[in-house]
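Heads up: the sequence lines are chains U and W, in that order.
Residue numbers for the first sequence follow numbering that gives the first Met the number 0, so the first one is 0 and each next one is one higher.
Residue numbers for the second sequence follow numbering that gives the first Met the number 0, so the first one is 0 and each next one is one higher.
No lab work stands behind these hints, which were simulated from the structure alone.
Treat the hints with care, as some may be off.
Identical copies look the same in the list; a pair holds intra-copy or inter-copy alike.
[What the hints assert, rightly or not] For lysine-lysine, the following BS3-like pairs were computed, each having C-alpha atoms within a straight-line distance of at most 25 Å:
(1) K53 with K17
(2) K61 with K17
(3) K80 with K40
(4) K53 with K80
(5) K61 with K80
(6) K40 with K61
(7) K53 with K75
(8) K17 with K75
There are 2 protein chains.
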Amino acid sequence: MLTTNEYFDGNVKSIALKNGELPATVGVMDVGEYSFGTSEKETMTVVSGELVVKLPDQDEWKSFTDGASFIVEANKSFDLKVGVQTAYLCVYG
Amino acid sequence: MLTTNEYFDGNVKSIALKNGELPATVGVMDVGEYSFGTSEKETMTVVSGELVVKLPDQDEWKSFTDGASFIVEANKSFDLKVGVQTAYLCVYG
C-alpha cells in the first residue's frame with residue numbers, strides 16, 4: 000500500500016515510493032510559503048512548476064523550474080515560496 | 000486544497016495540480032499490472048522508475064524510464080506493467 004502524507008493543513012501532499020535503493024516522495028505544493036526542516040539529506044527536483052528557495056545559510060532566493068534540483072543536507076531548514084502549484088520529487092539520503 | 004485520488008485498491012495514487020493552463024496529476028504506481036482508459040488526451044512522463052506500456056492499437060510493449068514520455072489520445076485504453084514503484088506526471092488535454 001502506498002503511503003500518503005500531508006503538511007501545512009493539506010497545502011502540501013506527498014506519496015512515498017522507493018527510488019532505486021533510496022526512499023523518496025513525489026508531491027505537490029499549493030501556492031504559499033513554507034519552511035521545511037530536514038532529518039536527512041534531501042535532493043529535491045521540480046517536476047512541474049516553480050519553487051523559489053532560500054537554502055540553509057543563504058541570504059538569496061533562487062528559482063528552480065522543471066527538471067532543476069537542489070540539495071539540502073540533514074538537520075537544516077530551508078524556505079520556499081510557491082507561486083504556482085508545483086510537483087516535486089524528493090529523494091532522501 | 001489539493002485533491003488526491005486512488006485507483007486499483009490504492010496501488011495507484013495521485014495528487015492533482017495545474018500544469019500551466021492544463022490540469023495534471025502527479026502520482027505513484029506500485030508494482031503491478033494495470034489497464035487505464037482515457038477520457039481526454041494524456042501525456043504521461045515517468046518521473047522516477049519504469050513503466051512498460053502497451054499503447055492503444057499496438058502489439059508491442061515498450062519501456063519508458065526517467066524523463067521519458069508517451070501520449071495517449073482520448074477514449075483509448077492502454078496497459079501498463081510496473082516492476083518497481085514508479086512516479087509519473089500525467090498532463091491532460
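Inset, instruction - Could you place K61 and K17 in one of the four classes (within, between, both, neither) given a Cα distance threshold of 25 Å? - result: between (28 Å within a copy, 22 Å between copies)
Legend entry - Identical-chain pair category, K80 with K40, by Cα at 25 Å: For K80 and K40, only the intra-copy Cα distance (20 Å) is at most 25 Å; the inter-copy one is 31 Å.
Legend entry - Status of K17 relative to K53 across identical chains (alpha carbons, at most 25 Å): For K53 and K17, the Cα distance is within 25 Å only across copies (24 Å; inside one copy 27 Å).
Inset, instruction - Measure nothing new, just compare the shortest in-copy and cross-copy C-alpha distances for K40 and K61 to 25 Å and report within, between, both or neither. - result: within (19 Å within a copy, 34 Å between copies)
Legend entry - Intra- versus inter-copy proximity for K80 and K61 (alpha-carbon distance at most 25 Å): Close inside one copy (10 Å), not across copies (38 Å); limit 25 Å.
Legend entry - Same-copy or cross-copy closeness of K53 to K75 [CA-CA at most 25 Å]: within (12 Å within a copy, 44 Å between copies)
Inset, instruction - Using 25 Å as the alpha carbon limit, work out where K53 and K80 are close: within a copy, between copies, both or neither. - result: For K53 and K80, the Cα distance is within 25 Å only inside one copy (9 Å; across copies 39 Å).
Inset, instruction - Could you place K17 and K75 in one of the four classes (within, between, both, neither) given a Cα distance threshold of 25 Å? - result: within (23 Å within a copy, 30 Å between copies)
The structure meets every hint from the earlier list without exception.
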